[in-house]
Amino acid sequence: MIDAYSILWSDLAALKRRWPRYLLTTLMSPVLYLVAFGWGLGRGINMNGTSYLEFVIPGIIALTSMTTSFNGAGTRLNVDRLYFKSFDECLMAPVGLPSLLLGKALIGVVRGVLSSVAFLLVAMLIAPHIHISLPFVIGLLLSCLTFAFLGVLAALLARSHEDMATFGSLILMPMTFLGGTFFSLSQVPFGLKMALYALPLTHASLFLRAAALDQPLPWTSFLVLMGFFFAFLGGGMMALKRMSV
Amino acid sequence: MDNIIDISGLSKEYSGKKVVDGLNLSVEQGELFGFLGPNGAGKTTTIRILTTLTKPTSGTVLINGIDAAKDPGKVKEVFGVVQQHLSLNRDLTIGENLELHARLHHIEAAERKKRIADLLDYVELSDHRDYLIDDVSGGMKRRAMIARALLHRPKLLFLDEPTVGLDAQTRRRVWDLIRRMNREGATVFLTTHYIEEAEALCQRVGVLHHGKLIAIGSPLELRQTLGLVAVELQGDGNGTTYRYFPDRAQASKFIQDLPSSERVIMRASNLEDVFIELTGQKVTGD
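These protein sequence lines map, in sequence, to chains A and B. According to the numbering used here, the first sequence holds residues 8 to 252 in order. According to the numbering used here, the second sequence holds residues 262 to 547 in order.
Note that these hints are calculated values from the structure, not bench results. Don't take every hint at face value.
To be verified - With the Cβ distance kept under 7 Å, some of the chain B side facing chain A (calculated, not the full set):
(1) Lys337
(2) Val342
(3) Asp352
Since this is a predicted model, take the numbers as computed values, not measurements. For each residue, glycine too, the CB sits at the ideal point set by N, CA and C.
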């Protein structure tokens, strides 16, 4: 655990040097989504007694946790591994593989939480009824952990920077728009609905939305998200074992 | 004296092609050993195997008597590495890069503070501790990498082309550092494609060609196998040919018997001559 913190320490040192710029850039996409979909397209739409704005904000938080955690851990590791080549230094240090994996994922979690909280603060200015509860915080943390480990897994499998971009285009981009962020899954045909339930973001959105709107919590989604977390963690561990002696 | 590196039957294949082929090699404790080879000879692959970054296809590597495949964690405590490419984290300062390395090697806070200050002084970078990596020169980056590799006081140092891309003056400073590290007890395993570097620094040199060790010995021993005196014959349009002789007397006699039109240079042979004769190639970066 100390080794994982050591790795996180270096990433935090780098983040500390440019956190204002980081927060500004990380807020851009979710705020644009909020303005375009929440205020623009969705104005006047009612989602079973909830305004579309209140419906979409938890989805955007789930989406923010996904993109920032994935990129915070994955892009960073990809650069360390293939561009800076500084990941070799970690591999040559007397550090256990679980600590190494966790250390590389933790910066994704930190960035995911920071961005999500920053967006939440902005969102609460226009939708103060968002309900921040313990399940919401736990759901957010689980979402950040899951996507941070997905980022680490992708970065360990990637053979080039293009591979990461391809992963983003083929996996993250469809999830962004289809993962229950902007619309309710009850509105889509059965076959598509089943396909969308196979996406981790769908479950993050469902859980965070229910928690934020103080509705009955979909624990099945929480468990499925946890399943994804363990799958990405296991995949990352296997990828790391394969590349180290 | 005990061996700090014992390699036996080491092979590495990529897509059926042997990059390292049945390598057997031992390096004694306290030695400054040079590993030479032309482009693609397998030098960097060998170093990557020795430093636990790459799995061998077959063979065993013992570092300080520990099997690198069976107990990589313990082996990692024994060596330090300066890689061929820049492997510093460019988002961090020089001091932070060293701090991270010290933390990963479990050096206590007070001790790591002292060691970082001492080593930055050692490599003359104390004034640049808080500079980001991209804000310092190539020579400073290389010295920072050396300081980092020494931080956990390794018994064995792998230096993979440590002076590549450096100007002559900086290269000499790095040479002094390498000599000093060796004098102070560290075994140094050096790969280089600067032949004069191996000649100036190494007590023993191994020549790797197509993944095989084709010669090993001190620079003088290797030169003796070829001849200590070289004669260059610069023919018209036929390029330069080389002849080697055990001493100046025999070389002079050979020159006297040549036609007067021949342009001739007599000089001491060097490791590059040995290398070219052995491999038929100039030494280039791996």
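Taking the hints in turn, this is what the structure says about them:
1. Lys337: Status holds, d = 4 Å.
2. Val342: Holds. Min distance 6 Å.
3. Asp352: Hint on Asp352 of chain B: holds, closest Cβ of chain A at ~4 Å, below 7 Å.
Consistency note: the structure conflicts with none of the earlier hints.
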